[in-house]
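> Taking the hints into account, I'd like the entire structure generated from these sequences.
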Amino acid sequence: MKFLVNPSKFNEIADYIFKPVLILSVILFALGLLFSFYLSPDDYQQGSTVRIMYVHVPSAWLALLTYAVMTLYSIAALAFRIPFGFIFNTAVAPIGAVFTLICIISGSLWGKPMWGTWWVWDARLTSVAILFIIYLIIIFMNLSFENRIVREKVVAIFILVGSVNLPIVKFSVDWWNTLHQPATISKLSKPSIDPSMLTPLIIMTFAFMMIGIAIAILRIKTEIISRKSNLS
Amino acid sequence: MKFLNKIIFFFYREYKLNLSGFQDILTNIIFFFVSILIFIFSIGPDEEVISLIGVGIVWALLLLSSTLSLKKFYQDDFENGNLLIIHLNGFSFGFIAILKTISHFLFVQIPFLLSIPIACIILNISDDKFFYLLTSFSMGSLTLSCLGSISSSMNLMNHRNYLLGSVIVMIFSVPIIIFSIGIINIEQNFNSLINILFGILLIVFAINPWASGLCLKLSLENN
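Chains as they are written, first to last, in our numbering: chain R, 1 to 232; chain Z, 1 to 223.
Since the hints were made in silico from the structure, they are not lab data.
Be careful, since some hints might not be right.
Said to hold, decoys possible - Not the full set, but computed from the structure, chain Z residues with beta-carbon under 8 angstroms of chain R:
{"id": "1", "residue": "H159"}
{"id": "2", "residue": "N161"}
{"id": "3", "residue": "I196"}
Unchecked claim - The calculated label-pair distances, taken between Cβ atoms and stated as ranges, are:
{"id": "4", "chain 1": "R", "residue 1": "E12", "chain 2": "Z", "residue 2": "L4", "range": "20 to 26 angstroms"}
{"id": "5", "chain 1": "Z", "residue 1": "L4", "chain 2": "R", "residue 2": "E146", "range": "52 to 58 angstroms"}
{"id": "6", "chain 1": "Z", "residue 1": "N222", "chain 2": "R", "residue 2": "L166", "range": "34 to 40 angstroms"}
{"id": "7", "chain 1": "R", "residue 1": "I185", "chain 2": "Z", "residue 2": "I53", "range": "36 to 42 angstroms"}
{"id": "8", "chain 1": "R", "residue 1": "N177", "chain 2": "Z", "residue 2": "N222", "range": "44 to 50 angstroms"}
{"id": "9", "chain 1": "Z", "residue 1": "F3", "chain 2": "R", "residue 2": "L166", "range": "38 to 44 angstroms"}
{"id": "10", "chain 1": "R", "residue 1": "E146", "chain 2": "Z", "residue 2": "D128", "range": "47 to 53 angstroms"}
{"id": "11", "chain 1": "R", "residue 1": "S108", "chain 2": "Z", "residue 2": "L84", "range": "47 to 53 angstroms"}
{"id": "12", "chain 1": "Z", "residue 1": "N191", "chain 2": "R", "residue 2": "V26", "range": "55 to 61 angstroms"}
{"id": "13", "chain 1": "Z", "residue 1": "V167", "chain 2": "R", "residue 2": "L4", "range": "47 to 53 angstroms"}
Claimed, not checked - Far from chain Z by the CB rule (all over 10 angstroms, computed), these chain R residues:
{"id": "14", "residue": "Y16"}
{"id": "15", "residue": "I134"}
{"id": "16", "residue": "L160"}
{"id": "17", "residue": "S192"}
{"id": "18", "residue": "I215"}
{"id": "19", "residue": "R219"}
{"id": "20", "residue": "R227"}
Note that the Cβ used here is the ideal one computed from N, Cα and C, for glycine as well.
Here it is as structure tokens:
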């Protein structure tokens, strides 16, 4: 597992797994879209709009997952002096921002027919919006510092401070009365979703994850190269 | 005893500095009142509407105007080298952050605390709501000072994008504003919400010396 903390090892492994990951993501996307459009049933209440879930839920999960991994890498980078954590933070923040944006946009497209409004100010929606703004602040911080050493450490500290928001996003549906529904799958008891809908959801989640990993590999490799040539 | 003397001298120095730059603090307060005026003009002088949303306006504008002076939090001391001299006198960076936060609370937030009664008179806010506003702001302003310390120490080396500091403070002050407005609007919940506010204050006060001390150290090392 040394490639997770060592840039040169990461480069070696990344060359091997980049193409398989990309091909796997294409296959999974084709399979997942096939499942979610043709092989899964309509909801008895929501009709065909339930298919927005297959984009909305995976992107939301991955937005949270990306931030959580960034938090872990920040701790590793600050506490154990692993510079790969800084590279990871710089490279991956825009990917998380895009996942959050996809989640927000697909959610509001789903909310218009179901709730009758594009946006409500309940706890889940607001905390996800704050997550998006935190991602944007990380990106802007990465752009606006001149000194690289200061920049990467300050961004890591900011990520740690901002990780307060993660449990708020996860548990907002339990702590407050929200219009957004509580968790159906990621809870301790049995998931309250039918297997015919769970299958495309899982496939789409892995497809999103694979495409995210593929883009992340590209961005991390670029970041390593630009660091070696002292461009930033 | 010597250490205590140093702390007293630190606050004496801060007092002198703030006294010579008193027009800055006054400008903040004038900004606060002028923005209340702008709000009144944009809503219209309907007394019922104003007394309904007045508390929210006051809180939001207090937040906005206390983020205005954030640029001066560490920047002057950082640029003329006083921060390093204070550190060489035996204060750790975390302790400097605590002292600076308290001095920011005393010299920048207390004038706002004094100007709240006037704002409440202008906006027709009732007496009990005024008491809740004062309680929640006296607790929230210290939290805002801590957040200001964190964000301004992060942006010491940031020469391109100064507004980022204010955005960081505003993002993290969302829970404070939610629970403070909750105190004022749901009055039977007073004790529980004041406990939550106090909890947030303690958390931020604990994070503050760690985060700002690390950022100050980084900026001084790489200046």
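> Determine for every hint whether it applies to the structure shown.
These are the hints, each one checked on the structure:
1. At about 6 angstroms, the closest approach between the beta carbon of H159(Z) and any beta carbon in chain R falls short of 8 angstroms, and the interface hint on this residue holds.
2. Here the hint on N161(Z) is kept, as its CB sits about 4 angstroms from the closest CB of chain R, short of 8 angstroms.
3. The interface hint given for I196(Z) is violated, since its Cβ lies 12 angstroms from the closest Cβ of chain R, which is over the 8 angstroms cut-off.
4. Taken as a hint, the range 20 to 26 angstroms is violated for the pair E12(R) and L4(Z), whose Cβ atoms sit roughly 58 angstroms apart.
5. Our hint of 52 to 58 angstroms for L4(Z) and E146(R) is violated, since their Cβ atoms are close to 40 angstroms apart.
6. Judged by the Cβ atoms, the range 34 to 40 angstroms given for N222(Z) and L166(R) is violated: they are separated by roughly 30 angstroms.
7. Taking the beta carbon of each, I185(R) and I53(Z) are about 40 angstroms apart, inside 36 to 42 angstroms as hinted.
8. Distance hint for N177(R) and N222(Z): a CB-CB separation of about 48 angstroms, consistent with the stated range 44 to 50 angstroms.
9. Range check, F3(Z) to L166(R): Cβ separation about 39 angstroms, and the 38 to 44 angstroms hint holds.
10. Hint check: E146(R) to D128(Z), Cβ distance near 52 angstroms, so the stated range 47 to 53 angstroms holds.
11. Here the CB-CB span from S108(R) to L84(Z) is close to 50 angstroms, well matched to the stated 47 to 53 angstroms.
12. At about 58 angstroms, the CB distance of N191(Z) to V26(R) agrees with the hint of 55 to 61 angstroms.
13. Between V167(Z) and L4(R) the CB atoms are about 32 angstroms apart, so this pair departs from the stated range of 47 to 53 angstroms.
14. With a least CB separation of 37 angstroms from chain Z, Y16(R) remains clear of the 10 angstroms interface cut-off, as annotated.
15. Under the 10 angstroms C-beta cut-off, the non-interface status given to I134(R) relative to chain Z is violated; the minimum distance is some 7 angstroms.
16. The beta carbon of L160(R) is not kept farther than 10 angstroms from every beta carbon of chain Z, the shortest such distance being approximately 8 angstroms.
17. Annotated as non-interface, S192(R) keeps its C-beta farther than 10 angstroms from every C-beta of chain Z; the closest such distance is 30 angstroms.
18. The non-interface label for I215(R) is consistent with chain Z: the shortest C-beta to C-beta separation is roughly 26 angstroms, beyond 10 angstroms.
19. For R219(R), the shortest C-beta to C-beta distance to chain Z comes to about 22 angstroms, beyond the 10 angstroms cut-off, and the non-interface label holds.
20. For R227(R), the non-interface assignment is confirmed: its Cβ lies about 16 angstroms from the closest Cβ of chain Z, beyond the 10 angstroms cut-off.
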